[in-house]
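Go ahead and model the full structure; you've got the sequences and the hints to work with.
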Amino acid sequence: SDHMENICGYLMKYTNLVTGWQYRFFVLNNNAGLLEYFVNEQSRHLKPRGTLQLAGAVISPSDEDSHTFTVNAASGEQYKLRATDAKERQHWVSRLQICTQHHTEAIGKNNPPLKSRSFSLASQGSASSPGVQRRPSQNAVSFFNVGHHRLSTGKRVPIMQPDHLVDVREMMSQAEGQQRDLVRSIECLPVSGHLTSLDQDLLMLKATSMATMNCLNDCFHILQLQHASQQKGSLPAGTTINWLEPRISLANHFKNGAAQNFPEEISKPVSVREEQSVAEPCQLTREPVEINSDEELEDICDDKEDDLGAVEEQRSVILHLLSQLKLGMDLTRVVLPTFILEKRSLLEMYADFMSHPDLFIAITNGTTPEERMIRFVEYYLTSFHEGRKGAIAKKPYNPIIGETFHCSWRLPKGDVATDTGTNCSAHSTSEQGTLSKDLEALKEQDYYTVKFVAEQVSHHPPVSGFYAECAERKMCVNAHVWTKSKFLGMSIGVTMVGEGVLSLLEHGEEYTFSLPCAYARSILTVPWVELGGKVNINCVKTGYSASINFHTKPFYGGKLHRVTGEVKQNMTNMVVCRVQGEWNSVLEFTYSNGETKYVDLTKLSVTRKRVRPLEKQGPFESRRLWQHVTESLRDGDIDKATEHKRALEERQRNEERLRAETETPWCTKYFLKEGDGWVYHKPLWKTAPTVQTQQMDTN
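One point on numbering: in UniProt numbering, the residue at position 352 of the sequence shown is 352, and numbering is uninterrupted.
You may find that some hints are simply not true.
No more than 27 angstroms apart at the CA atoms, straight line, and that leaves these computed lysine-lysine pairs for BS3-like [said to hold, decoys possible]:
id, residue 1, residue 2
1, K413, K686
2, K413, K534
3, K568, K451
4, K603, K395
5, K568, K534
6, K616, K568
Hints were generated in silico from the structure; no laboratory data involved. If you're wondering where the values come from, they're calculated on a predicted model, not measured in any experiment.
Here you go:
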């Protein structure tokens with residue numbers, strides 16, 4: 001009763017697509033079991049703008065951030081609310097849950113038990129199935145408070161008995177059969193008329209039924225784990241239970257009559273797909289174009305991807321697409337709808353990872369191998385936050401083969417962190433004599449220039465190569481990435497296959513690194529991105545390495561966007577630095593000497609990239625290539641954007657077909673195939689070899 005007091009205060013409420021979030025004054029009326037809201041506190045004496053009955057409601061903290069939560073009423077109405085901070089959200093959620101439980105139990109006490117009844121999901125033969133009948137003794141109390149039944153003797157019933165799990169498995173098997181009947185019934189409906197197979201509500205039911213069955217199987221597996229642990233003892237403290245792979249295969253449920261069937265590339269071995277898809281390496285026949293950085297201007301484009309309007313309006317299209325996909329299906333060849341696209345190419349997204357060039361250049365300023373490795377880890381972890389455009393998960397354009405992107409950054413030399421004068425005086429007289437005139441001219445300037453070039457070197461599989469260099473500091477990074485997308489039910493997973501190499505020519509050091517996986521979660525509601533997986537950074541010469549873990553949010557407990565890592569000396573196995581925090585918020589670095597450093601990514605300065613105007617770009621450069629799609633998306637004209645996108649993709653298919661007929665291999669422009677990777681044709685270690693050689697000799 002101490003927690004049943006009425007509370008009130010301002011919360012943000014998601015109103016509609018036009019107005020978005022708005023402050024409203026909310027009142028929790030515990031006596032009536034109502035959540036009411038008003039325009040403001042002054043209008044509290046007037047009729048509420050909205051009211052929700054809390055009996056039977058579900059109060060759910062959102063996993064998209066620490067401030068948002070939803071109130072789902074039994075009537076189907078939903079309020080999406082946002083508090084000012086995590087503490088206030090917890091206060092509202094706990095009070096709402098207490099009020100909801102109180103009034104839900106009151107319904108059970110004041111009403112007789114429900115009569116035994118059965119229901120059928122598109123199957124007349126399943127009406128009498130014992131697995132779907134509600135027992136006469138199952139009243140509202142037991143329905144809303146599963147797991148709290150007690151014997152008259154006061155002794156608790158064991159949470160799970162083996163026969164209970166058998167009953168659950170039997171009921172789930174029956175539900176799976178009913179779900180199959182449901183899908184078949186929907187697919188048998190006509191494509192036109194009063195009720196069609198493309199009805200939005202039916203598509204929602206069809207798409208979410210698969211996710212529901214898989215979620216139930218995940219929960220069933222957790223129950224099995226808990227039952228097994230009770231035989232041996234309780235779960236260890238701090239145990240988290242992660243999302244599991246689906247226990248059942250629902251792939252055959254989603255063949256929608258005569259609808260388009262997507263190619264199943266996943267059915268072929270990877271080696272076969274690569275052999276069939278990747279052109280044989282060849283010498284560059286298209287002359288590379290040297291980009292004059294003086295022609296580049298500071299980028300004024302700022303396309304934040306926070307608009308949910310198009311996604312909400314096209315929900316039926318998403319549902320129809322989801323109903324055609326199979327769990328684990330490779331999405332490489334699946335054409336996704338235009339409205340979920342970002343207004344930039346994937347090649348430009350890779351460039352945006354370089355938005356902190358001061359941290360990139362500062363790596364080579366480290367006075368010891370240990371310090372340089374730690375600085376690289378710091379730069380690496382700060383690059384992902386700016387690579388995302390807004391909180392909404394949208395997909396960048398799939399680059400077409402031969403597409404390129406060029407840009408650069410200029411940074412005043414005084415903005416780059418240095419520790420001592422060692423690096424400034426590290427260039428001996430003999431070394432200075434070996435520098436080219438171009439490098440000497442660059443050193444006389446009062447700013448550093450970081451140049452970037454990316455190219456789509458393969459279409460199937462989709463492989464991108466990118467290269468960045470700072471000639472003044474004799475450092476460069478070369479990487480190739482193969483993006484593999486898979487459908488995971490209510491989310492999409494993207495595996496970044498490939499490797500990058502950072503070369504510090506002043507020190508003769510090479511740092512190899514990999515990239516984490518990315519996941520688009522909640523694709524039917526408010527899609528958001530999280531990173532996951534383990535990545536390694538290694539420098540063979542110095543013997544230092546780093547291991548970084550991007551933690552996905554577990555099913556049970558845990559935080560969002562968490563990252564942990566450590567830097568160690570391989571020979572002694574001594575950890576010299578530990579890092580923890582969130583990759584899009586605050587990172588904490590703890591050094592072996594006990595010092596601690598905090599990096600707030602939201603407050604880091606971002607250096608705008610420099611890009612040439614469209615009229616000076618080549619026809620295959622990203623912004624010029626996709627300009628009509630981008631302009632249409634900015635104008636909100638989805639149909640027109642789709643037309644332009646389809647024209648580009650059709651041109652690519654026609655050119656690919658012609659090359660196949662004439663047996664002409666594709667030749668890249670800026671990158672050459674070397675072994676399993678792709679290397680920039682004119683890397684810094686080739687243009688300034690004497691600097692690297694002499695520095696390696698001195699080391």
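Hints versus structure:
no.: 1; hint: K413 / K686; verdict: holds, 25 angstroms
no.: 2; hint: K413 / K534; verdict: violated, 34 angstroms
no.: 3; hint: K568 / K451; verdict: violated, 31 angstroms
no.: 4; hint: K603 / K395; verdict: holds, 25 angstroms
no.: 5; hint: K568 / K534; verdict: holds, 16 angstroms
no.: 6; hint: K616 / K568; verdict: violated, 47 angstroms
The structure fails hints 2, 3, 6 (numbered hints given earlier, in ascending order).
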